[in-house]
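The task is simple: from the sequences and hints, build the whole structure.
Just so you know, the sequences run in chain order A and B.
End of the first sequence = 1431 in the numbering used here, gap-free, step of one.
End of the second sequence = 885 in the numbering used here, gap-free, step of one.
Don't read these hints as lab results, they were simulated from the structure.
No residue lacks a Cβ here, since even glycine has one placed at the ideal position from N, Cα and C.
Mixed in with the good hints, there may be bad ones.
[Stated by the list, open to error] Covered stretches of chain A (in silico footprint by chain B; criterion: 3 or more residues with CB under 8 Å from a CB of chain B, positions within the stretch not fixed):
1. 1198-1204
2. 1235-1247
3. 1285-1298
4. 1301-1314
5. 1364-1376
[Said to hold, decoys possible] Some chain B residues near chain A, calculated using beta-carbon distances under 8 Å:
6. 393
7. 411
8. 762
9. 816
[Said to hold, decoys possible] Quick list of simulated restraints, FRET-style, between CB atoms:
10. A/1144 x B/441: 22 to 28 Å
11. A/1161 x B/434: 52 to 58 Å
12. B/686 x A/1110: 55 to 61 Å
13. B/802 x A/1261: 44 to 50 Å
14. A/1107 x B/434: 55 to 61 Å
15. A/1197 x B/434: 48 to 54 Å
16. B/801 x A/1108: 46 to 52 Å
17. B/744 x A/1081: 24 to 30 Å
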Amino acid sequence: MVRGAGRGGRGMPGRGGMGRPPFSRPRVLMLRPPFDLILAEPAFPRCKPAPDDSALTQALLKRHTELCPTPTEQAAVLSLITKLQTVLDNLVVAPGDFAACQLEEVRQVGSYKKGTMMAGKNVADIVVIMKTLPTKEAVEGLSNKVNEELNKLMRAEGLSPVTCASHERGFTVTAAAAVRVLVTTLHQNLRKLEPEVHLDYKVISSHLAAIRHSRWFEENAHHSSIKVLIRLLRDMCARHAGLEPLTPWMIDLLAHHCIMNNPARQALPINVAFRRALSLLAGGLFLPGCAGLPDPCEAAHSRAHTALDLVAQDHAAATAQTLLRVVARGGHRYVLGLQAFEGGKDISTEITVWDGVVVSPLAPAYSDTPEPMDTDDKDEEGTQDGVAA
Amino acid sequence: MMAANNYFGFTHGGTQYGAATASAAYGGQTGYAVAPAATAATYGTQRAAATGYDTAYQAAAATQAAHAHAHAAAAAASAYDASKSAYYQQAAAAYPAAPPQPQPTYDATAKPAYSTPATYAQGARGSGGAKAAYGSVYSAPAPAASYPSQPYSAPAQPAKPLYNAATMYVAQQNKTGGGGGGGRSGWKNYNKSGVGAGLGRRPKPPPKAQQLHYCDVCRISCAGPQTYKEHLEGQKHKKKEAAVKLAAAGGGGGGARACGASALRCELCDVTCTGADAYAAHVRGIKHQKVVKLHTMLGKPIPSTEPVKLQPAKKTVAGAPKIAFVASGGLSTVGCSADCPPGDKEDEREDDADAEPEVQPVGQDYIEEIRGDDGKALSFNCKLCDCKFNDPNAKEMHMKGRRHRLQYKKKVQPDLEVKVKPSMHQRKLAEAKAQRMLVRDELWARRRMHDGVEEDDRVYWEGADWWRGPHHHHHHAMGMGYGPVGRRPETSDDRHVLAKHADIYPPEQQLQDIQRAVSHTEKALKSLSDALADQGKLKGQPAKVAAKVDDKKEEKPEGKEDGRDNQLFSFVGEGEAAPSGSPATPGPGTAGARALKGVMRVGLLAKGLLLRGDRDVRLVVLCHDRPTVTLLKRVAADLPHHLSRVKGSSEEPKYKVELLPAEGAVSVSDGSVNVLVSLTSAIMREPAEGGDIKRDDKDVLPRQKCLDALAALRHAKWFQARAASLQSCVIIIRIMRDLCRRIPNWTPLNPYAMELLVSGVMQSAGGALSPGEALRRVMEAAAGGLLLDHGPGLRDPCEKDLVDALGNLPPQKREDLTASAQQFLRQIAFRQIHKVLDMEPLPKVKHAAGNWKFPRKRRRSNTDQDPDTPNGDNKVVKKEDNSE
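Right, dumping it as structure tokens:
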């Protein structure tokens, strides 16, 4: 039941960067995982012939080829990130007169590192860990320095110069491709951050988390099926408003779960895994009160989906529920984006008819005004009495 | 301490004043210029005097603690200083005499000293000012150079301040003896309110033409008497005066300033600088220049621009002779430096150089220049420290400064080394700690804010153990540590499900009615079976049947002779038992068997799924052979007779028996309860298997009905064997039955499929589920598409073949069912389970203050309060279902 138990926060010494204040320590995760048909197979043995899923499989594979970045894109990103890595490595090893900040480490993260880049989004991510605290000035200084050094390299190779643009996460180096340089700092510095002087705490720690994520991914999710499913799911989520709030990390975890987490521990076929992903989302994997997916890169008991707010959780579940029924009625081409639905409308919000079966979207369940019973955990005698009366 | 201070002070004050009266010459500034020379000249005697004081001091301070030394020393010094200033003026007349016999002299001179205050008052206008003046610089440069090897050369420094004892030269000259009383009071008030004394005299305007109005405390000159007066009344002056006085009172003026080892001091301006840079800036500064100019104009000695170093207090106890010269009677902070011999001083400087290595300015990037229109830098703004400078020098210094470095360390480079002031160490630590706590709190607060959810709610939505109560309880309970909670307390969902369950559970009366009707029917059927057996074969004997009944009685002490245990109630006696031994599976080969072999409760009754309002129950009678219409008619005809026999004399229930040939059953009704008795036989299934068809027999009851009855029999057995043992399963199936009754979308789901679904879901959970969780999990399964076309279907465990219990549920129904489950699931997740259950939301669990700490206790008290909560019912249900 306690699925997250025993999973230590790898790479998170102490609670410096933990998102949890200490009073949450004595908590015990008592939530249970959602119903998962793959895992519940013994209780629900198939009693009728499995449907012919080749159409779905074909569609999935076709869509995946469309989503893979072209060799040109990949080459562009590779070339840029290699140079950038060189420049940053030099700054780590021999900062010279560069005093705006001190670099500890440079790591590639994100979809490029994981091998899940999507076509048309050739943006790689690289995390720079500063020894010094990440002030805006330091980021600016690093940006300028990188720009200068990178342009030296570019000139040497006769390439067009790059541009660096700072933003709240770091800065982005743009040439033919783009590399986002995400700035973070050492763990022990996290608590020294001040909102007005430094980059935002959440941003900083999310960059640290990104490092953990890519490391976890390297170790656990290298199976190509997972990467295929990640691309498909990311594409699907991007095209349906309700699923948009799902972060890449949630999708990574979901894809990994769907492909690998089965009794046989063998990668599931892509069509089964895709249906499973939809079915889990529809079955409330990312709803409150559900164990969801334990985050392997955070302290035990932390769940991946709590990053979503409640409205988003509700909306995501409702969208997945509608999509599940659409796919069940054979509408996967629309869901996958192989075919635009009625001029680009979001199929998850439309009433559709498939062979006389009406599939309708669902109303949101979450309402902002809490029901009176929501005061369960509040100690307001007055409210209580009012409700009781 | 102060006594000593006064004592010495007055002693020498006396000598001094004696001189002061005579020092009309002082009014002339010209005379002034020679003073330094005088100092130098008189040093020899000074030394002698010092020795004298030393002894005096030692005597006085013999019993005093080390700390007191400083004060004593200060006192002595002030005395000494005072005498020295007298020295200048008087050409050291008094001195030769005084030092040789220190102790006695003091005694002797004490009185005279006191008698002269009037004169003093004359000379020293504004005693506060006088006191302050002691602290000022007189002739810094001279001593170090002149007496490098002498231990007493250092005292020359204290000598400097002394000189300025005379405050207002103008006033000094003009003062008349009239101020005697005032002067006295001034002295008396000296320790309390020197200011007051000064004020008392102020009204008198300086009549003379000497137009330089110089305030010695503040070291400024005023343009005229009016401004001077205003100055004296001004806040700034008073502040300064008070500070000086405080320093005097405290004795350790230097200590009060809490200066570090490297503090430098401009004697001229009485300004302490924190470093060489700061000092340099000060010397360059306009204020210092003004003072220098003023002093030059006044003919006052200008001390060297060499900074005076302030020493840490510990050095003052270095040696007795030195102490004699210490620190200007607390009249000024210079005191500390007094005891430092020049040689030491040199060392100090080197030490300082070591201790304060040239710091690299840091954080250039964080200082932005604010430029004027002409592009010239007007001012600088340090973003780290949030301060501004107009001067590039100041900026440079700021960048080297400790404060800036600390900020830099804090905000930019955490590993930057910043020297910690030893004296400030403790405070720094405390501050740093407080700061850390603050930052941490802030972080948490911020993070909590970012969560976007109220903390209370977060406890729920983020899951963990939201049932434990509000968040702030966690705060209180932090140190207590929760013991492992043995059982999960009820969640809100659980309470709703259980409340709903209690609502739909049939009332006791209804259960009894049903029980009675069924029991009577069963007994009547047995009686009928016996009659049939007797009549037909004349084989069975009533005695044997009675024995059989006795056997039954063993199991059921109350002696009820029916199928209450929901197992097959066999009519077959021991002796006539089938060879197979199992009455439940009578083989066709059983020779001479009864026509009616046994009866069993099936359906809702057997499964314990009756809900409030349910009136129809089913019994299945197993026949030996194919049940025929003839047999059915026979049963229908004879049953009323047997019923009335069974129910005894009471006329209460009037049973009505109805023949339903199309159903292959008879219906027994007592008005409120309908018992449907179906006849079937195990061999009805066999033709299909064996292909041995005896369809020709028109008399046989409809085959499908018989098969259904058989299936119902198996379902009941399956249910008892598998589903009933799963925790929460029966409750949830009841709840789901209610749901299926209420909601059109769910109606197409046949009861058996629903039971299979729920039990499968429970089974797959791999652990016990609370009712709330169980319901949610069922919804999850349905929402996840389990019932959709591509799903695996619900395999019927009671069939050998792969049969989908869902049957051919139309796609639209499946779709609607799934959609409805999906909506319900989200409603459950968002705490609207009452909408799913179609009930009023329950009020929150009330927990009395303090109860929250002990969830177990709360739970218990909760059940105590409501004895009729579903928990209790649950037990009742179980008993009803399984016991007996």
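- [ ] Hint by hint, work out which the structure violates, then give me just those numbers in ascending order.
- [x] 1, 3, 4 and 6
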